[in-house]
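J.: Sequence:
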Amino acid sequence: METVFTELAGRYCGDSERVAALWEEIRSHYGQPSRLYHNLAHLEHVYTQLLDIQPLCADWDSLMFALYYHDVIYEVQRSDNEAQSAELAQERLTSLGFPAEKTARCYAHILATYGHSLSSDPDSNLFTDADLSILGQGWDSYQTYLKQIRQEYAIYPDALYQPGRKKVLSHFLQMDRIYKTQFFYDRLEAQARENLARELASL
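Counting from 1, position 119 in the sequence shown corresponds to residue 119 in the working numbering; the numbering is continuous, with no gaps.
It cannot be assumed that every hint is accurate.
Quick list of the computed label-pair ranges, beta carbon to beta carbon [as the list claims (entries may be wrong)]:
{"hint": "1", "residue 1": "Tyr-47", "residue 2": "Tyr-12", "range": "17 to 23 Å"}
{"hint": "2", "residue 1": "Glu-2", "residue 2": "Ala-201", "range": "37 to 43 Å"}
{"hint": "3", "residue 1": "Arg-198", "residue 2": "Lys-102", "range": "36 to 42 Å"}
{"hint": "4", "residue 1": "Arg-198", "residue 2": "Glu-91", "range": "36 to 42 Å"}
{"hint": "5", "residue 1": "Ala-201", "residue 2": "Cys-13", "range": "46 to 52 Å"}
Straight-line distance between alpha carbons at most 20 Å, and here's what the computed DMTMM-like set of lysine to aspartate or glutamate pairs gives [claimed, not checked]:
{"hint": "6", "residue 1": "Lys-166", "residue 2": "Glu-152"}
{"hint": "7", "residue 1": "Lys-166", "residue 2": "Glu-189"}
{"hint": "8", "residue 1": "Lys-167", "residue 2": "Glu-152"}
{"hint": "9", "residue 1": "Lys-102", "residue 2": "Asp-59"}
{"hint": "10", "residue 1": "Lys-147", "residue 2": "Glu-194"}
{"hint": "11", "residue 1": "Lys-167", "residue 2": "Glu-199"}
{"hint": "12", "residue 1": "Lys-102", "residue 2": "Glu-7"}
{"hint": "13", "residue 1": "Lys-166", "residue 2": "Glu-199"}
{"hint": "14", "residue 1": "Lys-167", "residue 2": "Glu-75"}
{"hint": "15", "residue 1": "Lys-102", "residue 2": "Glu-87"}
It is worth saying that the hints were derived from the structure and are not from the lab. Quick caveat: nothing in here was measured; it's all calculated off a predicted structure. For every residue, glycine included, the Cβ atom is placed at its ideal position computed from N, Cα and C.
Let the sequences and hints guide you as you build the complete structure.
T.: Dropping the structure here:
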């Protein structure tokens, strides 16, 4: 992931020390011990999902920067992680000389991960679908994911965690489509609904 970021940022900024400092900032955020799921492994998973649909993307670089910054701010007590992550991305991309219109698009991609609603930008829909791709993996992988999420929220007892988790699961199950793009819908929708319903029944 470091190599991909370095090459990406290097296309817009010739200052290798600046690029290295930005990567270190990203690595330190995602490497926090409290992050059992929202870590560099999550970034790598989403990256592999995005590689499969790269030909469908109109603006790959904006999507890639959204990947690196979409969870850069992540604290379980906060409700504005996506907005704070988008703001930080905007600041850092501006410092790299990334074009303003592309920065705005990256900002919108990150905000779209709050609620994962249908966007008018097809790239945002591809990004949020890739971000949610873990929901449609096999049950064993999904179980690992849900255990990691529970560990991230370890400060909350079951009496507080479970009602909130039920709300999240119900939110997704009540959507007409969890995955907004045909690519991800065809591959993951049925399994995701099965996984979510199975977890919900266990709470």
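J.: Give a verdict on every hint.
T.: Hint by hint, here is what the structure shows:
1. Checked against the hint of 17 to 23 Å, the C-beta distance between Tyr-47 and Tyr-12 comes to roughly 19 Å, which is consistent with it.
2. Between Glu-2 and Ala-201 the beta carbons are some 41 Å apart, a value that agrees with the proposed interval 37 to 43 Å.
3. Our hint of 36 to 42 Å for Arg-198 and Lys-102 holds, since their Cβ atoms are close to 40 Å apart.
4. Between Arg-198 and Glu-91 the beta carbon distance is about 41 Å. The supplied range of 36 to 42 Å therefore holds.
5. At about 50 Å, the beta-carbon gap between Ala-201 and Cys-13 stays in the expected band of 46 to 52 Å.
6. The hinted pair formed by Lys-166 and Glu-152 meets the criterion: a straight-line CA distance of about 16 Å does not exceed 20 Å.
7. The straight-line distance between the Cα atoms of Lys-166 and Glu-189 is roughly 19 Å, inside the 20 Å bound, and the hint therefore holds.
8. For the hint linking Lys-167 to Glu-152, the alpha-carbon distance of about 17 Å falls within 20 Å, and the restraint holds.
9. Using a Cα cut-off of 20 Å, the hinted pair Lys-102 and Asp-59 holds, with the two alpha carbons roughly 8 Å apart.
10. A distance of roughly 17 Å separates the Cα atoms of Lys-147 and Glu-194; the hinted pair therefore holds under the 20 Å criterion.
11. A distance of roughly 12 Å separates the Cα atoms of Lys-167 and Glu-199; the hinted pair therefore holds under the 20 Å criterion.
12. A hinted pair counts as satisfied when its Cα atoms are at most 20 Å apart, and Lys-102 with Glu-7 qualifies at roughly 17 Å.
13. Distance check on the hinted pair: Lys-166 and Glu-199 sit about 9 Å apart at the alpha-carbon level, within 20 Å; holds.
14. Of the supplied pair hints, the one linking Lys-167 and Glu-75 holds, its CA atoms being roughly 19 Å apart against a limit of 20 Å.
15. Of the pairs offered as hints, the one joining Lys-102 and Glu-87 holds, with about 14 Å between alpha carbons and a cut-off of 20 Å not exceeded.
Every hint, counting from the list given before, is met by this structure.
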